[in-house]
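A.B. asks: Chain by chain, the residues run as shown.
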Amino acid sequence: MNSDYYISSFCSIKNNTISLNGSKVYSDENIEFSEFIKAAYKSLNTNYPKFFKMDALSKLAFLAADVLLKNENLNSEEENDIAIVFSNKASSLDTDRKHQKSIDNEEDYFPSPAVFVYTLPNICIGEISIKYKLFSENSFFIFENFNAQHLLDYSSSLLATGKTDKVLCGWVELDGDQYDAYLYLVTKTGTTTHNKKNIIKFYNT
Amino acid sequence: MSKVYLSYNNIVSSLGFDSKTVVNNIHNEVSGLQLVEDKSKFSQPIISSIIDEKTLSDSFAKLKAEGNFTRLEQMMLTSLNSVIEASKIPLTKRVGLIVSTTKGNIDVLDKNSEFPKERAYLDVLGQVIKDFFKFQNDAIVVSNACVSGVLALAVAKRYIKSGVYDHVFIVSGDMVTKFILSGFNSFQALSSERCKPYCKNRTGINIGEVAASVFVTNDKLNLAEEAVTILGEGSCNDANHISGPSRTGEGLFRSIKSAIKEANITNERIDYISAHGTATPFNDEMEAIAFNRLGLGEVPLNSLKGYFGHTLGASGLLETIIGMHSLNNNTLYTSLGFEELGVSQPINVITQTTTKKMDIFLKTASGFGGSNLAAIFKKVNNE
Chain A
668 MNSDYYISSF
678 CSIKNNTISL
688 NGSKVYSDEN
698 IEFSEFIKAA
708 YKSLNTNYPK
718 FFKMDALSKL
728 AFLAADVLLK
738 NENLNSEEEN
748 DIAIVFSNKA
758 SSLDTDRKHQ
768 KSIDNEEDYF
778 PSPAVFVYTL
788 PNICIGEISI
798 KYKLFSENSF
808 FIFENFNAQH
818 LLDYSSSLLA
828 TGKTDKVLCG
838 WVELDGDQYD
848 AYLYLVTKTG
858 TTTHNKKNII
868 KFYNT
Chain B
222 MSKVYLSYNN
232 IVSSLGFDSK
242 TVVNNIHNEV
252 SGLQLVEDKS
262 KFSQPIISSI
272 IDEKTLSDSF
282 AKLKAEGNFT
292 RLEQMMLTSL
302 NSVIEASKIP
312 LTKRVGLIVS
322 TTKGNIDVLD
332 KNSEFPKERA
342 YLDVLGQVIK
352 DFFKFQNDAI
362 VVSNACVSGV
372 LALAVAKRYI
382 KSGVYDHVFI
392 VSGDMVTKFI
402 LSGFNSFQAL
412 SSERCKPYCK
422 NRTGINIGEV
432 AASVFVTNDK
442 LNLAEEAVTI
452 LGEGSCNDAN
462 HISGPSRTGE
472 GLFRSIKSAI
482 KEANITNERI
492 DYISAHGTAT
502 PFNDEMEAIA
512 FNRLGLGEVP
522 LNSLKGYFGH
532 TLGASGLLET
542 IIGMHSLNNN
552 TLYTSLGFEE
562 LGVSQPINVI
572 TQTTTKKMDI
582 FLKTASGFGG
592 SNLAAIFKKV
602 NNE
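Chains A and B are the protein sequences, given in the same order. Position one of the first sequence corresponds to residue 668 (the numbering used here), numbered consecutively onward. Position one of the second sequence corresponds to residue 222 (the numbering used here), numbered consecutively onward.
If you are wondering where the hints come from, they were derived from the structure by calculation, not from laboratory data. Treat each hint with caution, since some may be false.
[Stated by the list, open to error] Below, simulated SDA-like cross-link-like pairs (lysine to any residue); rule was C-alpha separation at most 20 angstroms, straight line:
#1 B:260 <-> A:855
#2 A:800 <-> B:461
#3 B:275 <-> B:265
#4 B:482 <-> A:824
#5 B:338 <-> A:824
#6 B:332 <-> A:771
#7 A:855 <-> A:676
[Stated by the list, open to error] Pairwise CB distance ranges (calculated):
#8 A:746 <-> B:573: 41 to 47 angstroms
#9 B:424 <-> A:779: 43 to 49 angstroms
#10 A:774 <-> B:337: 22 to 28 angstroms
[To be verified] If you want the footprint, here are the derived chain B segments under chain A, 3+ residues with CB under 8 angstroms:
#11 328-334
#12 357-371
#13 454-463
Glycine residues also receive a C-beta, built at the ideal position from the N, C-alpha and C atoms.
Based on the sequences and whatever the hints tell you, model everything.
C.D. replies: What follows is the structure, encoded as structure tokens:
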């Protein structure tokens, strides 16, 4: 499928490293995800206290989106029409297991709304929408593996039908100590063509 | 551009295992909500609509499936099977499969579950459904909180309009589990009596379970009698709060506006609104504000939560199917549980099942994460 759209930037968080457009912006060796993401938050001057209330998946997705969108120099005075299309394999299972643990035993029963609210994968989209005031289209899909074809088809369709100006899309996977985030922004102008080859190339960067 | 139709459909629920039976029960104002004192569901008595175990296993046995299937899989396979049969469509490369759910097989995380924990992954659920019917394409799983069911329709429409598929089967399902009940209970959102959407005396939600399926197609031939065409849809975020709705109904307002714009109709053309109406104080108030901002305060409206409770990710598809039958029967069904208006803006809640000639309806849904969805459907049988 030929595309009239472009990838303006991409960001990834994996292997204790955060990269923007292929260049490392933060790295920290040999620490667990929860420590890594907090250290990255501080190092990148994120300055958004709500971050600390988020579950691990939302922290991962939020920071990846924040690194990418900050670099886009969006005008915060104006409304930005950016749709969000995310995907992963494990949905919100990491937090689901925490909620399940809190209800497993009647003697040790402590379900919490602060945990339960994160038992949905699209909550991370809500977090990003709140920070960037995005009143836009959003959807969360689950696939066994990163699915470039689906992201390409779906984001192209949103742009072609005038539902949005830009699409922030990608893969945000967090499952126990495994994590992998890759987000990219699809726009109507630019130089790097929005096609399957480039989506996969940047994913593997 | 070619049209996209919603055609053959099925509902597996406490009110019956096919859409016609379910709609008949709604016509007779029968609610599936009952007092449930089953400790395996929840430690305290709840009001819920639960699918009867024996009816489900008898219906599922007719599919002659080999292997072990979870309760949700049995619900979804039973529902989708009847729609695939009714459509008479061979499952070629041109046929897509969308599975929509919020929590899927979440009950396998329970320590007493006999199923492997792997079954909790939603892509595995998609694979089970794909393999059972031998779809040629992988399932697209949509999991976007309580708007999942209507979002699946929007996704199917986009896939068909962009030429990826000619037909898409959607199956949507969610279950009543300890996982869900304990969570909503921790929010103090559960009502101890039958829910009362938009009512002054509403005290919260009931959780229910259902599987619903629909055949979505670009082929105008051989449509079901109750088929509708999807004129427009929109899904917009509140950008306000992750667990509470916007006080101004911003996301819902924008979603409806976007759907109306795409449908290219005036607001006056909308004959009926199948609203979300969970019966929590904030949700229902938010909806009334959004509808009034769009001048839709006088359009007859109902919430079907009084019949099924809130069936989470499946609710939007379930309620769209009832809406299709509502148009076809030219009947507005009463918003069960409603006594006296309890929102600050005027809305026209249906208090008596009545006949009315109808052509177009609006379906809305809202959910956690600030998600909202609106879709507009038009009758096809009189075109």
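A.B. asks: Please go over all the hints and tell whether each is borne out by the structure.
C.D. replies: Status of each hint after checking the structure:
no. : hint                                : result
1   : B:260 <-> A:855                     : violated, 55 angstroms
2   : A:800 <-> B:461                     : holds, 8 angstroms
3   : B:275 <-> B:265                     : violated, 23 angstroms
4   : B:482 <-> A:824                     : holds, 17 angstroms
5   : B:338 <-> A:824                     : violated, 35 angstroms
6   : B:332 <-> A:771                     : holds, 7 angstroms
7   : A:855 <-> A:676                     : holds, 13 angstroms
8   : A:746 <-> B:573: 41 to 47 angstroms : holds, 43 angstroms
9   : B:424 <-> A:779: 43 to 49 angstroms : violated, 22 angstroms
10  : A:774 <-> B:337: 22 to 28 angstroms : holds, 27 angstroms
11  : 328-334                             : holds (count 3)
12  : 357-371                             : holds (count 7)
13  : 454-463                             : holds (count 9)
Violated hints, listed in ascending order, are 1, 3, 5 and 9; each of the other numbered hints is respected by the structure.
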